[in-house]
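Undergrad: Residue numbers (UniProt numbering), protein chains in the order written: chain A, 1 to 282; chain B, 1 to 282; chain C, 1 to 282; chain D, 1 to 282.
Simulated from the structure, these hints should not be mistaken for lab results.
Owing to the predicted nature of the structure, the values given are computational and were not obtained by experimental measurement.
Take every hint as true, because none was put in to throw you off.
List time: in silico PhoX-like cross-link candidates among lysine-lysine, alpha-carbon distance up to 20 Å:
id : chain 1 : residue 1 : chain 2 : residue 2
1  : A       : 24        : C       : 24
2  : B       : 19        : D       : 24
3  : A       : 24        : C       : 19
4  : D       : 95        : D       : 157
5  : B       : 24        : D       : 24
6  : A       : 19        : C       : 24
7  : D       : 19        : B       : 24
There are 4 protein chains.
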Amino acid sequence: MPYQNIQRKVLRTICPDAKGLIAKITHICSQHELNIVQNNEFVDHRTNRFFMRTELEGIFNDNSLLADLDATLPEGSMRELNNIGRRRIVVLVTKEAHCLGDLLMKSTYGGLEMEIAAVISNHATLQTLVERFDIPFHLVSHEGLTREKHDLEMIAKIDQYQPDYVVLAKYMRVLTPAFVQHYPNQVINIHHSFLPAFIGARPYHQAYERGVKIIGATAHYVNDNLDEGPIILQDVINVDHTYSTEDMICAGRDVEKNVLSRALYHVLAQQVFVYGNRTVIL
Amino acid sequence: MPYQNIQRKVLRTICPDAKGLIAKITHICSQHELNIVQNNEFVDHRTNRFFMRTELEGIFNDNSLLADLDATLPEGSMRELNNIGRRRIVVLVTKEAHCLGDLLMKSTYGGLEMEIAAVISNHATLQTLVERFDIPFHLVSHEGLTREKHDLEMIAKIDQYQPDYVVLAKYMRVLTPAFVQHYPNQVINIHHSFLPAFIGARPYHQAYERGVKIIGATAHYVNDNLDEGPIILQDVINVDHTYSTEDMICAGRDVEKNVLSRALYHVLAQQVFVYGNRTVIL
Amino acid sequence: MPYQNIQRKVLRTICPDAKGLIAKITHICSQHELNIVQNNEFVDHRTNRFFMRTELEGIFNDNSLLADLDATLPEGSMRELNNIGRRRIVVLVTKEAHCLGDLLMKSTYGGLEMEIAAVISNHATLQTLVERFDIPFHLVSHEGLTREKHDLEMIAKIDQYQPDYVVLAKYMRVLTPAFVQHYPNQVINIHHSFLPAFIGARPYHQAYERGVKIIGATAHYVNDNLDEGPIILQDVINVDHTYSTEDMICAGRDVEKNVLSRALYHVLAQQVFVYGNRTVIL
Amino acid sequence: MPYQNIQRKVLRTICPDAKGLIAKITHICSQHELNIVQNNEFVDHRTNRFFMRTELEGIFNDNSLLADLDATLPEGSMRELNNIGRRRIVVLVTKEAHCLGDLLMKSTYGGLEMEIAAVISNHATLQTLVERFDIPFHLVSHEGLTREKHDLEMIAKIDQYQPDYVVLAKYMRVLTPAFVQHYPNQVINIHHSFLPAFIGARPYHQAYERGVKIIGATAHYVNDNLDEGPIILQDVINVDHTYSTEDMICAGRDVEKNVLSRALYHVLAQQVFVYGNRTVIL
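Given these sequences and hints, build the entire structure.
TA: In structure tokens form, the structure reads like this:
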């Protein structure tokens, strides 16, 4: 058995809960002589739904494995088998450098299993930063365009790179439904508040006005309702009366970039399952 | 100079900012031969307002000291001079024991500089717990009463104890404006969410529905608008997809009691200044 | 099938890792018509060891189930099948009330699935507190006794209550090896520092001297080497230059009681596996 | 009074505590017609020492102001008056990119009030990263040199840039006393553990072996005893049994860079006072 044929893949299953599911799925893996490196599962007893992430090692016959699973899993199941490894992403930005800089550092020097195929912006501000890292930068200006037309131009540019995910690293424009639907469960955004507090524009200004003692950031999948997609990760920091709005904005930058980066870590490792408006991270 | 006359007091000043305020106030304290044990100040440059908390030690002539201050401070100033020491509180509860239990422990065994004069509830559920600690418990049932009438009965009962503060330790009723106005900046509530997220009833159910990854609690002064008074302190904990609503409620209890207790710590030490809808903690 | 026979139990397995373990174990559960309510597993690839916690529901034939497992699991396996439900604990204390108070509250009013069978102390200080909650208190003074003799008296008293766990809720004496070995993996301690920093006596004094900006607490199983048993949980809080040693002690109390309580939560739910000097929490 | 003469400076005072200090210092500021933008003070009652940071705005006559202060402050006082503004730093690194990358991003795109004058390393690994940001990189190899000789070469190179601070952004060599004494209270290090736990080499390996549930990082001034200088800031993250040493190293990187960055923020704003082995941050 030549060593080079041994691969590592992730099997992800979502299906209605039923007796014996773990036994059945892991038995099929055993029959295919695949070793389970790591297995995690969760049953949502409220909706009676079963989630499992199985990291497998061995010599794969994908079609045969999936066929065996399909013959066994209950109706209404979703299963996918993916290679482990670097994912390809396109980053969308506007003018703020901090999240982008962190992603550029980690894709270049390690920390996130991804290749940034391109950075696209509606402003030229961050072109120099992107080019420092020898990555293509594209300006797709929204000047004189309807939102729909601009998003179509964005889609056209993004699709040239065939990314696995589109990451909004402080892309400060509302996306059209057409855009969102073009990339189902593929668009990840960082919002600069601990949602659902301070939905919408200028959350730090809202936070200052309310006099909160904690500010935060939220990484989430983007769906049709702005700031209402499934939440992947959130984190917060303490603030006090000495913080002006500008101080909050400044302190918040580190939280934003940390939350986005950690959320991407889980997404890239195929640990995140989207189910309704929730995420399950296994 | 007999030792027994030496006291420790806190001088609290809020006034429009002006040149030389710190020098003037501390100079007056020096003239009165009072030693500054600790001094903290803050200038809100947005509203041009000055806050100072001065912990003083020495032999006090309160009237003379305050008169000197009044002659020096700009128009629109608020100043107060208070003894340091245990405060007297009345606790209002409904049926949940965790916050009350923590307050009873800390007033009895140390941790909060307060005496619980009485616990008042609209249910009899917690009577045994209160009596374990030899503290008066009063049932003021709301059955058959309008909200206004019930609150008047509550006020009558509370006022028998002349408390410095009224602490709502999971008192699950909305207070009338008459109640709130009767105790200006004296009523402290613990709300079981990180406000302004999940205002209103059943915040953990709301949190579950939204699929958040963080839950929290907020201690705040109560004003006329429910859940909208000045925030004193907030804290959060991480949750994940395995948490049911009930798990959130259970895990949230420790956050609630911790936040309430720490907020009270600052209030009892006279460190909290209320200004508009904000607090300054010095 | 009468409803009253349906039970919920936890199967815990530790064994050398091998291909197909999950499939085999879950298959046996299926054959016994037991439903897997929740399953969690972990493989420590460094030591090649497999851990699984399986929450099962159904009609149990314990002997038959365990026999089937024994016939299947590799040599060197440990498996146990326990009822889910309240555990019986004995609490050991010295003079500090805060951890004990939290445990009394939670055993009485909910939050921890345990019954406090008795509280035993080498001082009478906390007798009143324990009796407030109608729980037996025993004074086992160490005056005039060798450490060995005192521990034997403690063991005699503890064993009258046949507890599942012995919880040291700020019991400020070093235990003899004889004591520790008498309760293997059953003694849980709260240490008032984030171990391994500040091992030994007076950790807050040590923390003050070192000028740290974080203090913490550690819940751990007790083994022969003081403060070196397997860690269950740790948590920390920020401190700054304004904290005296006494302030740290005071602020630390809430961390200590929270960490102990959360660690016990996991222990009582049979989620904690001890393996060498480590814990695996599933 | 021409607007361009108005400046903002920070007055920093450390002296033996005495009655009336705040009044005297702020009075002198008033006499010089300087407005106090922000004032913070702290008295360490254990050592009877007074610390004050006064942010002043106005037209400065430095010599006259300092002379007036010297005539007023008690013997043994330290006072300094500094401009507010960007500081000049030299960064020392070895092979890890994450802390350096964050500093490069923040000095270039905002977040830290500093100019990175140069980056110096004993390895060439990070040359490309530094040059991406158009900043001088110097390789000062330690090959074939004694520690003393190498440090002298480092000093010679650093001193060409006359930095305000030397930042060790994962510089993995022990410094000689000669180096440390050459830059008193000017060298800031990030250590990859929550000191004093895991002093010395390979702290994550030590953390793994001990089975801790929390890892952290510590930013501190460097003094003669390695890993024992005054701590500026610490932070931690939770880990669990699933973390290998490599996972801890990876997760720790974000903590390290965040802690170093926030510590530098305070240092650059002249908020950090070193006193014995402690820091006071005002």
